[in-house]
Amino acid sequence: MIPLVVENVTKQFRQGQQVVDALAGISLEVAAGQFLAVMGASGSGKSTLLHLMAGLASPDSGRVIINEQDLSQLNDKRLTLFRRRHVGLVFQAFNLIPTLTAEENIALPLMLEGKKPCEVAAKADALLGRLGMATRRHHRPDAMSGGEQQRVAIGRALVTDPTVILADEPTGNLDSANSRAVCELLRDLCVIHNKTIVMVTHEPAVAAFATEVAVLKDGKLVERFATEGPDNGHGLARRYAELVAR
Amino acid sequence: MILPKLAISNFRLHKVRALLTSLAIALSVSLVVAVTSGYASAEGAAHYYLNKYLGSTDAQVTRRGNQPLDESIVTELRGDPDVAVALGRLESEVRLLDRQGRPIPGRGAHAVGVDRPADKGPEKLALVAGGWFHGDSGDVAVIDQVAAEVLSAKVGDAIALAGAAGALRLKVVGIAHKPGILAAHMQTVYLPIRTLQRWAMPGQAPQVTRVQVELKSDTRAAEFRDRWQPRLDARRQGETVRLTRESRRELDKNLQGVRVLSYMGGTISMLAATFIIFSALSMGVAERQRTLAMLRAIGMLRPQVGWLVVIEGFILALIGAAVGVPLGIVFVKVLTSIPQFAEILVAGVVISWGGIAMGVIGSILTALAASVLPAWSAMRVSPLKAMTPLAAAPRSRVPWRLTLLGLLLIAVDTLMLYGPIERIVPGAWARPVQFYGHFALGTPCLMAGFFLLAPLFVRTVERAIGPLVAAMLGLNLTLLRQQLSAGLWRAAGTCAALMVGLAILVAMNVQGNSFLNGWKLPNQFPDIFITAPILSPLDMAAVRKLATTPGIRADRTMPIAIASPEFSNSIFAMVGAAVMPNATMFFGVDPDMAFELMKLDFREGNAEQAQAMLKKGRHVIVTEEFRQLRGFKVGSTLSLKTPRHGVVDYTVAGVVWSPGIDVIVSMQDMGRQFDQRTAASVFGTLDDAREDFGVERYYLVAANLDYHVQRAKVLWQIEQRLGLAGMNVGDVREIKFSIQRGFHKLLLFASSVAVAAMAVASLGVTNTIMASIRSRRWTFGVLRSIGVTRSQLLRLVLAEAALLGLVGVALGLAAGALISFNAKAVGRIAIGYAPPTDVPWQVVGFGSLAVMVIALLASLWPAWDVARAEPLALLQAGRSAA
Chain A
18 MIPLVVENVT KQFRQGQQVV DALAGISLEV AAGQFLAVMG ASGSGKSTLL
68 HLMAGLASPD SGRVIINEQD LSQLNDKRLT LFRRRHVGLV FQAFNLIPTL
118 TAEENIALPL MLEGKKPCEV AAKADALLGR LGMATRRHHR PDAMSGGEQQ
168 RVAIGRALVT DPTVILADEP TGNLDSANSR AVCELLRDLC VIHNKTIVMV
218 THEPAVAAFA TEVAVLKDGK LVERFATEGP DNGHGLARRY AELVAR
Chain B
6 MILPKLAISN FRLHKVRALL TSLAIALSVS LVVAVTSGYA SAEGAAHYYL
56 NKYLGSTDAQ VTRRGNQPLD ESIVTELRGD PDVAVALGRL ESEVRLLDRQ
106 GRPIPGRGAH AVGVDRPADK GPEKLALVAG GWFHGDSGDV AVIDQVAAEV
156 LSAKVGDAIA LAGAAGALRL KVVGIAHKPG ILAAHMQTVY LPIRTLQRWA
206 MPGQAPQVTR VQVELKSDTR AAEFRDRWQP RLDARRQGET VRLTRESRRE
256 LDKNLQGVRV LSYMGGTISM LAATFIIFSA LSMGVAERQR TLAMLRAIGM
306 LRPQVGWLVV IEGFILALIG AAVGVPLGIV FVKVLTSIPQ FAEILVAGVV
356 ISWGGIAMGV IGSILTALAA SVLPAWSAMR VSPLKAMTPL AAAPRSRVPW
406 RLTLLGLLLI AVDTLMLYGP IERIVPGAWA RPVQFYGHFA LGTPCLMAGF
456 FLLAPLFVRT VERAIGPLVA AMLGLNLTLL RQQLSAGLWR AAGTCAALMV
506 GLAILVAMNV QGNSFLNGWK LPNQFPDIFI TAPILSPLDM AAVRKLATTP
556 GIRADRTMPI AIASPEFSNS IFAMVGAAVM PNATMFFGVD PDMAFELMKL
606 DFREGNAEQA QAMLKKGRHV IVTEEFRQLR GFKVGSTLSL KTPRHGVVDY
656 TVAGVVWSPG IDVIVSMQDM GRQFDQRTAA SVFGTLDDAR EDFGVERYYL
706 VAANLDYHVQ RAKVLWQIEQ RLGLAGMNVG DVREIKFSIQ RGFHKLLLFA
756 SSVAVAAMAV ASLGVTNTIM ASIRSRRWTF GVLRSIGVTR SQLLRLVLAE
806 AALLGLVGVA LGLAAGALIS FNAKAVGRIA IGYAPPTDVP WQVVGFGSLA
856 VMVIALLASL WPAWDVARAE PLALLQAGRS AA
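Chain order of the listed sequences is A and B. Oh and the first sequence: position 225 is 242 in my numbering, straight run, nothing missing. Oh and the second sequence: position 513 is 518 in my numbering, straight run, nothing missing.
Hints may contain errors.
As the list claims (entries may be wrong) - PhoX-like cross-link-like pairs, simulated, lysine-lysine; straight-line CA separation at most 20 Å: (1) B:Lys221 - B:Lys125; (2) B:Lys159 - B:Lys176; (3) B:Lys10 - A:Lys132; (4) B:Lys621 - A:Lys133; (5) B:Lys183 - A:Lys94; (6) B:Lys620 - B:Lys638; (7) B:Lys221 - B:Lys176; (8) B:Lys10 - B:Lys20; (9) B:Lys638 - B:Lys621; (10) B:Lys10 - A:Lys140; (11) A:Lys94 - A:Lys140; (12) B:Lys550 - B:Lys390.
Unchecked claim - One-sided excerpt, in silico: chain B residues whose CB lies under 10 Å from chain A: (13) Lys10; (14) Ser14; (15) Gly106; (16) Arg107; (17) Lys176; (18) Val178; (19) Ala298; (20) Leu389; (21) Arg428; (22) Leu710.
Said to hold, decoys possible - One-sided excerpt, in silico: chain A residues whose CB lies under 7 Å from chain B: (23) Leu73; (24) Leu91; (25) Lys94; (26) Arg95; (27) Phe108; (28) Thr116; (29) Leu117; (30) Pro126; (31) Met128; (32) Leu129.
Keep in mind that the hints were calculated from the coordinates and are not lab data. The beta carbon of each residue, even a glycine, is placed where N, CA and C say it ideally should be.
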């Protein structure tokens, strides 16, 4: 089973009188345990693609299939429940609840699911340990660094053991050191824990942590290629620049 | 459990807002509890006094208007095998004389002749000094503490009462304590019944004004009444037997209206709280768009988002109720600890459980109602918003569909009251539906409607008056633009809260003022009205004697006969809203003299015609109120029940603007002559009063005085001449002034409800201004960085508050005007009469000013706080919030 399939999706936006093709027929598949970085210049459609994958917006045509479920077949309630159970979202701005502790923020989706407190605590506890945040469990977001906040956000995305993790510019609000730490964490999740991850980024150094890169331009997928590891960020950057400039 | 946790976590983030909102709810709940418990305590005191004074009495026999009845009735009653005890009392108004023999100015005293020691009733009064007298005769008296103070009398001293056969000198043997306010209103002198009978009614057979009956324990009171009332009716003296439980029921009935009013007063403050909760919840939703979007994105269902907001409202309501209930009880406790009130509220603090239930349930319902729109708005938050790093600028468009709905809601009450309701509701039900519908549906719809119009008002005022406010405060308009509409619903909620108080204040005072100013005196009117004591009405010979008193113009003196007929059919027995009694006052006058003394304002017919018709007999002049009540015209027939000839048809000879004689009668305490409250007045002739109603003695005489005559001196001379004590003289203008002053005081007291609602609203203003500042800290930081001064920032925030106040004023005046317009129709339904509208512009101005001041004062602290903040602090706070 392929966890995430995107089939020929299109999406148009209206800007005043003008109609803009945000996505012009994109198809891609993300295999289990794959870490795909979606790159593209501003306005290339990478964020729109992520929104469609998350079921936050619906395509004008085409399909998004996660875990063999066509998202367009779901109504709002079922789509929300599906997202809760099968999609982990990581946001650029972390979006943690400021008055909840790290542990509570991580446990939020399970609490929404109505899981038993002991089960919730056990899962959150395990994740805090895995993320290296065990000592920060009772801290609130304002007492944590940006990197720590994003780790908690990743923990929240992982807590329901979703089919795919979708990350939108997860390092956009972080300094380079914290960016690297978050990227390593995502890569470990993929390599060690076999998680399927799609990450939108415009930074080649960040994309280099992924196993594959898909480059979008003007709403189209222009190329998809395997990366050569985090140490080859410069090579990836060159190739990306060439593709964008083409 | 996650939803309450999230709700509480939101309160932690906005502690001051949660505190102010809870405080607003607590204040409104405490007002409900305090007002209802205050009334319950007063009610408890009323029952206490009723029990104290009626005690073990099962029934009382009295005569219409407290007129005396022959003492033989006491003997007859004692002969009844079911009667355990029957005791007569004679009560009369008397005038106290000071040590120099001069009458003590003021209203006079209440003399009660009792048969001691058989009559143990007075013993229930606590004695301050001395003891009770024994026996039914002797020149002794027990006086109350205020009389003792007024006369500077102690036990053993002599006091004197003014009377026909000279002064009655009594030795004070005891001083009793009466509640201060009651004693101050009228002092009481208890004396042996025979002494009073001999002195007040010399040469007459012994009479009493009240017989108190105690039945044997196995006797059914109703059976006793059913047996005795026909016997009393046969005597044709207007005597009635009234059971104590009926008096209690009557008291309960009278208090019921006050109780309902106390609940309504509380509802108004709760209404203001509703809008504040709405405003606070709206702010929460507006500020948490990203958080809510994130929650939606990670799997929170729409209904869960909605419930989150509802639970927030619910928690605020619970906190408000938990604080408000004890606070309300503390308010009443404080009230009862004030000596003046403690003496009245003798039953102590009576907690109104109904009031507490209303406060708690009302606050929860209020929160639920207030959370509907914010919850709906929260449910519509798109999860996509979580993906945007910066929050989108709030939309500030007027919600036209809701505005339209608001207009429809506003129209409900007006349509119900002025529309062709008879076509929808069967005839008999139309008026009750209108009356109750106005309170239960129309007014809430009207308030909700104006609330939905609030965004339109916000935008309009901001655009139209914003430039003016900016110019007045020396601000650049660009800075002020969209200050309010950036948080449209938040501003709308706050302005609606401000609206409630002003609207109620305006409506109450317009109605009150209209009723008050509807009473206009004729240009030409008798100088004085002289009233005779209840025990001694004047016959024609006494009137003639009175007319020759120096200072009285003999050719301008006219006795007025007063009778209380009933309508032949109970047309006012309207279901539920039967506030209008089915009795009227019949004033018999001499047609020739009446038209000399009074220049009546004829609304239909004219003086000459009316005079001629009255002289024919069985004709009456009716008042404008009466015409509105019954739709009479000149020539219409009015059927009145008369004691002598049964139902008699009178023809309307004219319709006049109320001359206010009925008010004189009420003010001079002659209202006691009527068992029922009267609906309106009709004017017939002395002959008709005598022929149909059997009135041959007069309590009221109208007269003109010679120039430069002292009224008190004339009255003294009349009393001397007629050998009567306890006469009164009234000047209509003075009485009108005193009524107006009293009514204004009452209005002022009632207006406190509106002021309380404004106080509750002030918390909402602070909340809104704080939220507005919070959402713009980054902008303010930038402005301060580029050179905006502290003073300019302060003025900017104050300008926003001024705009909020102006919108509140605009909404309040509009709502107040419409409520007043609708209330006019309600008045017509309830009492059949609606006076011309008279707007008290001073009150309207004061109310508007109060709203503006409240808005500005409530914003001072947050304005000052942001103005003194350092630019860097504002930038940092703004960035971390973003």
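**Asked** Checked against the structure, which of the hints given earlier come out wrong?
**Response** When the structure is compared with the hints, numbers 4, 5, 7, 11, 12, 15, 16, 17, 18, 21, 22, 24 and 26 turn out to be violated.
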